[in-house]
Structure formats: C-alpha cells, structure tokens
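These protein sequence lines map, in sequence, to chains F and L. Read in order, the letters of the first sequence correspond to residues 7 to 423 in the working numbering. Read in order, the letters of the second sequence correspond to residues 275 to 549 in the working numbering.
Everything labelled a hint here was simulated from the structure, so no lab data went into it. Treat the hints loosely; a few may be bogus.
Claimed, not checked - List time: in silico DMTMM-like cross-link candidates among lysine to aspartate or glutamate, alpha-carbon distance up to 20 Å:
| no. | chain 1 | residue 1 | chain 2 | residue 2 |
| --- | --- | --- | --- | --- |
| 1 | F | K393 | F | E247 |
| 2 | F | K126 | L | D323 |
| 3 | L | K358 | F | E106 |
| 4 | L | K326 | L | E446 |
| 5 | L | K358 | F | D66 |
| 6 | F | K393 | F | D332 |
| 7 | L | K360 | F | E288 |
| 8 | F | K365 | F | D403 |
| 9 | F | K155 | L | E446 |
| 10 | F | K229 | F | E247 |
| 11 | F | K205 | F | E53 |
| 12 | F | K365 | F | D332 |
| 13 | F | K205 | L | E446 |
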Amino acid sequence: MYILFWFDVCLGDGKTVALNRLFKLYCFAYSRRCLLSQRGMLFMENENIVQLNNISVAFDGEQILNGLSLDIKNKEFITLLGPSGCGKTTTLRLIAGFLEPDCGDVIFEGKRINDVPAYKRQVNTIFQRYALFPHLNVYENIAFGLRIKKMPEKDIKEKVNEMLKLVNLVGLEKRNIATLSGGQQQRVAIARAIANRPKVLLLDEPLAALDLKLRKDMQKELKNIQQTLGITFIFVTHDQEEALTMSDRVVVMDGGKIQQVGTPQDIYNEPQNAFVADFIGESNIVDGKMLKDYCVEFSGQVFECLDKGFEVNEQVDVVVRPEDVDIVPVDKGMLRGVVTSVSFLGVHYEIIVDIGGFKWMIQTTDEHFVDDNVGLFIEPDAIHIMKKSEYSGLYGDYSSYSEEIDRLSDVDYIEEE
Amino acid sequence: MKKNTFGNRLILSPYIVWSAIFIIVPLIIMVYFALTDVNGTFTLSNMADIGKYKKAFLISVIYAAIATVITLLLAYPMAYFMTKLKISSQRMLLLIVMLPMWMNFLIRTYSWISILANTGLINTFLGKLGIGPLKLINTPGAVILGMVYDFIPYMILPIYSVMSKLDNSLLEAAEDLGSNAFTKFRRVILPLSRPGIISGITMVFVPSVSTFYISQKLGGNKTMLVGDTIEYFFNLGPDYYNVASAISLVLMVLILICMFIMNRFSDDEDGGVII
Chain F
7 MYILFWFDVC LGDGKTVALN RLFKLYCFAY SRRCLLSQRG MLFMENENIV
57 QLNNISVAFD GEQILNGLSL DIKNKEFITL LGPSGCGKTT TLRLIAGFLE
107 PDCGDVIFEG KRINDVPAYK RQVNTIFQRY ALFPHLNVYE NIAFGLRIKK
157 MPEKDIKEKV NEMLKLVNLV GLEKRNIATL SGGQQQRVAI ARAIANRPKV
207 LLLDEPLAAL DLKLRKDMQK ELKNIQQTLG ITFIFVTHDQ EEALTMSDRV
257 VVMDGGKIQQ VGTPQDIYNE PQNAFVADFI GESNIVDGKM LKDYCVEFSG
307 QVFECLDKGF EVNEQVDVVV RPEDVDIVPV DKGMLRGVVT SVSFLGVHYE
357 IIVDIGGFKW MIQTTDEHFV DDNVGLFIEP DAIHIMKKSE YSGLYGDYSS
407 YSEEIDRLSD VDYIEEE
Chain L
275 MKKNTFGNRL ILSPYIVWSA IFIIVPLIIM VYFALTDVNG TFTLSNMADI
325 GKYKKAFLIS VIYAAIATVI TLLLAYPMAY FMTKLKISSQ RMLLLIVMLP
375 MWMNFLIRTY SWISILANTG LINTFLGKLG IGPLKLINTP GAVILGMVYD
425 FIPYMILPIY SVMSKLDNSL LEAAEDLGSN AFTKFRRVIL PLSRPGIISG
475 ITMVFVPSVS TFYISQKLGG NKTMLVGDTI EYFFNLGPDY YNVASAISLV
525 LMVLILICMF IMNRFSDDED GGVII
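Chain F extracted, bound-state conformation (with noise of 0.2 Å):
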C-alpha cells in the first residue's frame, strides 16, 4: 500500500491506473506462488518417505526385529539409537534393500519395496567401514553410481566436482583410496553416496572409527548437508550424544523393539521406560509410589511433582536426573546422605551420594569430599514419573559403575553386528 502511495505521487494519474493494475496482477501472482510452494513444502515435509510396518526378521531362530513399525517423514534427520544387537542395523539394511523381512512390509513413497532390490532403490548407504572401492581413485569412487546411470562424462565431471567442494576434497581426485586418511576417506564415502542424489541417507555408524575432535567435527558437517540438500537422513548409532545433538527425531532401540520415539529433548526429559531413562544420560530412577495426582512418594519421602494420570498407590519408576539434584545442608535436605565418592571432570563433579543404601548420582560445580553428611533438595519439575515396565529394576544405582561411559568414548570400539 505504501508503496502504490509512493507510485501516486511520483507519476501522473493516467500511468498511475495502469502500473497499479500491473502491480496488483504481480502481487496477485506472487502470492499465489507463495502459497503453492508452501502448501507444496507443507506437503512435502509431512509426508512420510518411508514406512516399516509390523516388521519381523529372525535369523537362525534369533528374533532380531520384532514387530517394528516407523514412520519416517521427508527431509527429516532421524537417528536410530540403542546398543549393541537392537537391530537398528538389521533395520537399516532393510531400507536399503539388503534385507527381506520375514513378514511386515517396507514401504518407500506409498509404495511397497519389500522385493525391490537394493539397485532399484533410491537410497544410498554410508558404510560403517567406508566399503570405499580400493581399485579405484578418490574421483572415481565418486563417480561411480554416475556411470552406472550412464551419465555423459561432462555431467559426471561437473557433478563430482560438486561433491568434492561440498566435502572439502578439492585436489585429492587423482588420490589412492588406501593412502588417506580416516576423516577423508569419510568424507568420499559420503560424496559417494549423495552424489546419486538419494531421497534418503542411510548411515550406519559412519563416525564411530573417528576420534572425537573428528567426530564432533563430521556430526556438524553432516548435519550443514542434510540441511543444504534437503535429503532424508536415517542415522544409526549406539553414542546417545550423537544423537541427540544431530537429530530431528531419535528412536531408541533395545531387543528389535522401538522404546521410545521423539525429538532428543522428549528423548531426555520425558524418557518412557527405565530403559530409555537409563540409555540416554545419566539418570538416577528409584521405585517409587504415585499417592495421587501431582504427589509421589520414593526413597521414603513424599514429594510434589509435575505428573499425573495415574492410579492411586499405583507403583512406578522415578527418574531424577543428575544435574537437577541440589546438595545442600543436612537441615535443609529433603533427602539426607553420605558422600561416598567425588570426581572431577572439568565442567563440573560428579558426587556419588548414599541415601538408605541407594546410590545417587549428582552433578554439581561446587566441590564436596567423601563422608560429607550432605542433603538433597529436588524440584517438582526435577521429578518424572514413568510407568513400570519389563526394564523396572534392571537398572540398579550407581554403586557400580561405569563400563558404559568408558565404551562410548572409546574411539577404537567398532560395533560388532
């Protein structure tokens, strides 16, 4: 409007009503564009790409998935996470085509693919250990899936080219895979496998041969990818901080069953089971007795919490996290312990507190010492409430711990599958 204004007073009336209509047919017409290319994109990001419906598979009599559904939305970054055996790779090999299961359908854009084998897809895989072609140099282990398509050697050229400024390989097209090194040969697997244009990504553990300054590195790298390609990426790992600092939506695997699926901050604060609570972070989970409506009592106490929907004296598990517990003096405590032991690791301590015989985890910046009489003070919304489960008290307290922490940031430690 203000600009018709400005229009009115720079020219004359009669040129006016012309460059008027004209502007309104432009504005007319761009909003339409607009809006078509948003109820386009709408459609578009909603949609699911692919979807696992029921899915089985067993080999030699072991029941590796079982009745996995998942629905995975275009463009999205989903990470499969779980330990070792879950069958989140099992799971992946079936997007991929690598992998019939037993019963169930694997559905990719509406379509069934379940004996669609893996050439006719329109995916691609980046390979745990790479599976680079050692015959072949960096420029035409990228150009492969291009000359399988038959693509005119112009277009090949122009493409790889592409893919080695977006990875940062510009100059090492001539060199041997076998002589670099564990980041670049990384980076050619995943212009490999983009180069095909995929609708979806699939990953298999791409980074857990890294070093960690590396690895922090490639998730980031990734990450910038999947966002400038628009492509779907489906990620698997057994490092939950990989997780939740990459995805969209993170699924949390254990026994070929999905636990929990959600964005990592559901993942986090809202774990579902004492699995998921206990896989991802560090979490303290005691038993505990839902009294009523927004009131819960465990380790002998009776606190205010956030939760409610459940029955009364109904028994469940509590989740506190360590990093929402305060130490504050014995009087002041709601919980009263002793310290048992105290370690330093930069950011902050990590406190090993005994309430009653169960050992709490606490995550505090101030320093406290060992045989400490301390309190423990807990906001309602530290506390989250969960329904009992097949993991309930599989997870004991942190008297001994922990082989999980040393194996996760282990850079050498290879999934074996």
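Take the given structure of chain F and dock chain L to it, following the hints.
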C-alpha cells in the same frame, strides 16, 4: 624398514646358499653351453639356429595359451561359487581341488592314457553303445586336456584366495550405488580379483609352455613342443647340450617377456605387482 642385521643374514643364508648352488650356478652353466660350441669356444651359431625350432615354439605357445584360457574359464566360476558356499563346504571343495596335487604328476598324466586310449575307458564304454572307437589319445586335444587337468589347481587356488578376501560390504556398496549383478561383477568383482587371475595365468602358462611329459604321453610324440625338443637334444648326448641350452635360454627369455607383459596388466592402475 628392514635392518640388515647379522641375525637376519644368518636366517637368510641357507636359502642364499641353496639358490646359489641350485639356481644361479645351473643358469650360468646353461648360458655357458648356449654360447659355446662342442669344443668350448665362444659362438653365436647355436642362437642363430634357433629359427629351425620356431614351429615347436609356436605350437608350445599356442597350446599353452589355449590351455590357460580354458583353465581360466573353468577355474574362475568355480572359485567364485566356492566363496558363496558355507565355510565347511568351501573347505571340502578346496580339499577336492588340492587332492590330485598329492599324487605324482607323472602318474596322473599316465592315468589319462588308460582313459583316452583306443581300448581305454571311454572307448570301451562307447563300444558297448555301438559307437566305434574315437581317436582320443595322441591328439592335440589330449595334450591340452592334460595341461588343463594338471594345472587347474594352480588357477583355482590364487583366484579363490583373492575372492574369499573380498569384503562383502564392497559388493553391497556396489549394489547400493545401483549396480545389478552384471555391473557389480564387471566393475567390482572382476577388477578386484585381477591379482588372482594374473598369478593363476602365470602359474598355468609357464609350466604348460615348457612341458614335455604331457605331450609325449598324451600327444604320442607327434606334437613336438619346446620341452620335447629340449629333452630330445639332451637325450642325444653331450654333443647336443649346446643346442639344448640355447633353446632353453630362448624359452626362458620368452617366459620372462610374457611375465613382464602380464605384470604391466596388473599394475596399470593401482601398482599391485604379483607373479
């Protein structure tokens, strides 16, 4: 990298002594004979006469080449499908492939005579069916059959060993990038098994080209290969050692040239040299 310590030299010394006595010295003797006449004076006439035996050379190379190609065509699929089997079946097949190697090569060749002879196994059987005795023995075909039969394990084993080390994820990667079974074979399996093929070809071609026993027993002295020619002259007595040595020397040079060409093939891209 390698330190030439006293210990290393000590470990190496038995082999060095061995190769000096049994490889280097005989070679020198051969070269000496090839370049001298009966009286021990230097001459190039032996070498100049080589042209007389060019037919034997030609036939040897052709037979050996045909035998090598047939061996490769039989051994490659065999080695490939062996790698697809269960480990226990693979071991079993490997044993069967190697089993003939435990028997003497002369005896094995000899046994083909009783199979192929006019009154042999096959012709007796065909006779019962009323089909007249076929001429099987003493033909070029029998010679090539003998070569293929005797040397096929040397083709299967290197190809099998390369293929069984092929990383399955490479094949999956090829499929993932859009290769069907044929492209996967042509672009990944074949190039990656090339070292095995090259060493198999070398190990079959070299003994085939210089054999004399097979052609004598199964070719009935009709087909004189280089090996037969050399043996013939040595059997004539010391006067003919010079000619025989000259032919041997030329054969060796020919084999060296063949192997050199072969190695060119194997390292045109990634520099892997295998003999």
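Task: Violated constraints from the hint list, given by number and in increasing order - done: 1, 2, 4, 6 and 7
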